[in-house]
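One line per chain: the protein sequences are U and X, in this order. Numbers in my numbering are just positions in the first sequence, counted from 1, shifted up by 8. Numbers in my numbering are just positions in the second sequence, counted from 1, shifted up by 90.
No wet-lab data here; the hints were simulated from the structure. The beta-carbon is built from N, C-alpha and C at its ideal position, and this holds for glycine as well. Treat the hints with care, as some may be off.
[To be verified] Computed footprint of chain U on chain X; a stretch qualifies when at least three of its residues, placed anywhere within it, have a C-beta under 8 Å from a C-beta of chain U:
1) 274 to 282
2) 285 to 294
3) 306 to 319
4) 359 to 366
[As the list claims (entries may be wrong)] For each label pair, taking beta carbons as the anchor points, the in silico distance ranges come out as:
5) X:Lys215 to U:Arg134: 41 to 47 Å
6) U:Thr64 to X:Asn408: 43 to 49 Å
7) X:Ser412 to U:Pro95: 45 to 51 Å
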Amino acid sequence: MKRALTKVNLLHCLPLILSSFALSPVHAVEKGYIDAVQADLDEFTSGKFEPPPESTWVGSLESQTGGSSNSFNKLKNFSSYVKEKSPGSYIFYAKLPTSYQIRLQQEYLATGDIEQLKRNIFKYSREVKKQKRYAR
Amino acid sequence: MKLQREAVMSTFNIVSIAGRSCLLLCCLLSTGTDASVDRSLELPRQGVTPTADEIARQVYFANHFFSFNNFSIDRRGRTMSALINRSSDGKESVITLERHLNNNYHSNSDILSRDLAIFHSGNMKGTGMLVTEYVDDERSKDYITWIPSLRKIRRFSQPQYEDAWAGSVFSFGDVTLRKPADETHELIGTKKFRSCLGVIENLEGKHYRYVDILPERSCRHLNKEVYGLKSTTKFDSWWYDYRISYVDTTSFADYRTLYFKDDQLIKIIDRDWGRVNPNKDEGDPRALFWKSWYGLDLRTGQETWAIVPQKAVKYNTNLRNSFWTEKTLRKIKR
């Protein structure tokens, strides 16, 4: 009798349990993004950029001086980015002369196309190889 | 009888969907500037800060792709542009399309540009839209739609500014209808752009049907010099009082627009741009293409993310002007 009641209760609750899975969680908009947007906006009035602490949406404090951990304006940051995004291509990238690395950086800043960047790394590697061969 | 009713209902649905979605094609058009701007607009002189009105006109130029004879966001296999809508309760929907814009009309022509969009998924699958913009600023745009279930063409009037575009965060005004004359512009300063562009966070960098891989937040524009352009609406009791745009001082790409009502931030639109010519010293710096649009409505929590895969972008192709006619619409497969 007791076992039968338990079965009934479970069956009774089943729709409720299932519906709790079916309901999608309310989507919360990333607060860090809005804080970063607000900090960026405030700079127009205050003349000073105060990034929200530990935000992944802004540059670090280096931004005050023109650099930024997220910014690719510095070749060092850009190189780290290439290493992170495409370790295989980075092997070839690292062997390129600085002038080619700067060229790749400028191209990426203009287009934002990572696939094109990878293609160009190999293209320039071949170019450099050829130049070395002719130099001999 | 039943069949007739179904046909009428499906027509009605398509018409309403078509009305909402004109934008997609227009998305490809522009945000806020003067229709009197045309392809002859020159870059401001170097070393001289342009006026707020001039900046607004340059933004319009860039958004209308006036640097190109024609500009297409085509389809390459299963890769094409996608518009992802996410409601505040987390429900997602997606619309995909291809789009072709033509600016190559003779100076004697009364047509300024034509924009063709063909939808490939969702309720609008198989629908085609052709939008004609005229040189005459007073003349409203023509919207012609191919309705696949009827296999017929229908004409629609220009949508309202505040209508949502394809149910997205973007309004028709944001995307295409707003003109500089609708607002007064003020330059509030020049500074560096400090924050990355928005994305729907839990989709960032993930594999996604139609676009291969969704992009990650774009931080490429950090530390670029931008103008702060404050544009106050001239309309009474409007849904926003003013908006502030971050405009690149070199390319006039508007990376971000913030909308305010009663001094409260109510909406954000971010746009990621790429340059056609990677060498910044060559060519027109305004020759740009969209990589993505992100919109967030802070009143409702709704988000929209439009992604344009770079490999689907083509420009200055040999397509003839006859491509931008009803004939092409009629050729769309059911």
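Structure-based check of all given hints:
no.	hint	result
1	274 to 282	holds (count 4)
2	285 to 294	holds (count 4)
3	306 to 319	holds (count 7)
4	359 to 366	holds (count 3)
5	X:Lys215 to U:Arg134: 41 to 47 Å	44 Å, holds
6	U:Thr64 to X:Asn408: 43 to 49 Å	45 Å, holds
7	X:Ser412 to U:Pro95: 45 to 51 Å	49 Å, holds
Going down the numbered hints, you'll see the structure goes against none, and every one checks out.
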